[in-house]
Amino acid sequence: DVKVTQSSRYLVKRTGEKVFLECVQDMDHENMFWYRQDPGLGLRLIYFSYDVKMKEKGDIPEGYSVSREKKERFSLILESASTNQTSMYLCASRLNSGLEQYFGPGTRLTVL
Amino acid sequence: GNSVTQMEGPVTLSEEAFLTINCTYTATGYPSLFWYVQYPGEGLQLLLKATKADDKGSNKGFEATYRKETTSFHLEKGSVQVSDSAVYFCALLSGNTPLVFGKGTRLSVIA
Numbered sequence: 174d175v176k177v178t179q180s181s182r183y184l185v186k187r188t189g190e191k192v193f194l195e196c197v198q199d200m201d202h203e204n205m206f207w208y209r210q211d212p213g214l215g216l217r218l219i220y221f222s223y224d225v226k227m228k229e230k231g232d233i234p235e236g237y238s239v240s241r242e243k244k245e246r247f248s249l250i251l252e253s254a255s256t257n258q259t260s261m262y263l264c265a266s267r268l269n270s271g272l273e274q275y276f277g278p279g280t281r282l283t284v285l
Numbered sequence: 008g009n010s011v012t013q014m015e016g017p018v019t020l021s022e023e024a025f026l027t028i029n030c031t032y033t034a035t036g037y038p039s040l041f042w043y044v045q046y047p048g049e050g051l052q053l054l055l056k057a058t059k060a061d062d063k064g065s066n067k068g069f070e071a072t073y074r075k076e077t078t079s080f081h082l083e084k085g086s087v088q089v090s091d092s093a094v095y096f097c098a099l100l101s102g103n104t105p106l107v108f109g110k111g112t113r114l115s116v117i118a
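Read top to bottom, the protein sequences are chains B and V.
Okay, so the first sequence: first residue is 174 according to the working numbering, each after it adds one.
Okay, so the second sequence: first residue is 8 according to the working numbering, each after it adds one.
Treat the hints with caution; some may be incorrect.
Unchecked claim - No farther apart than 25 angstroms at their CA atoms in a straight line, the calculated lysine-lysine pairs in the BS3-like style are these:
1) B:Lys191 <-> B:Lys244
2) V:Lys63 <-> B:Lys230
3) V:Lys75 <-> B:Lys176
4) B:Lys226 <-> B:Lys244
5) V:Lys110 <-> V:Lys63
6) B:Lys191 <-> B:Lys243
I should point out that these hints are in silico values taken from the structure, not numbers from a laboratory.
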């Protein structure tokens, strides 16, 4: 059974804190993605990665960075969390040649 | 660039009603088209897909046909159930690029 796991389902942080969101997939997928989901705005792509140590900016990269040191793990970093980063964060992975994209359950982040 | 437009919700239906959620796309080349579903408290999962014109994707009683002439991929189900209540996303994939999603349509089915 394919699996994408995210480190936390719910997270509460303070403004200015550095926040790490971790995502792990067990399918040996090359491609990994981070999205945020907000009511009325749908899914917006933050960053993605085609392979280890590679990263590409998505549509809304400002205020975020990522790290991909191992193929199975893709981390999203909020360098200095702000209240407008309160959102649901979804991680996904996909084979280079694949069609189906697999999603984790999401992390609901609240920044106070 | 590539884009997906789907009807805005929320959509509220009675059990056993007919469902249509409209989706149109703009893309260069020949994209693959998808419907993803997100049940409450979960991530997205693939519902169905179609990879070329006139293909029909189907799963769990849902269907969608890839219409190149109208650049559409409308989702239909003949008789919805309460358990179909979820958010539905239309998406397209062109080459090895990130999926492009519509904004999602929330469906509520009442008994």
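What are the numbers of the hints that this structure violates, sorted from low to high?
When the structure is compared with the hints, numbers 2 and 3 turn out to be violated.
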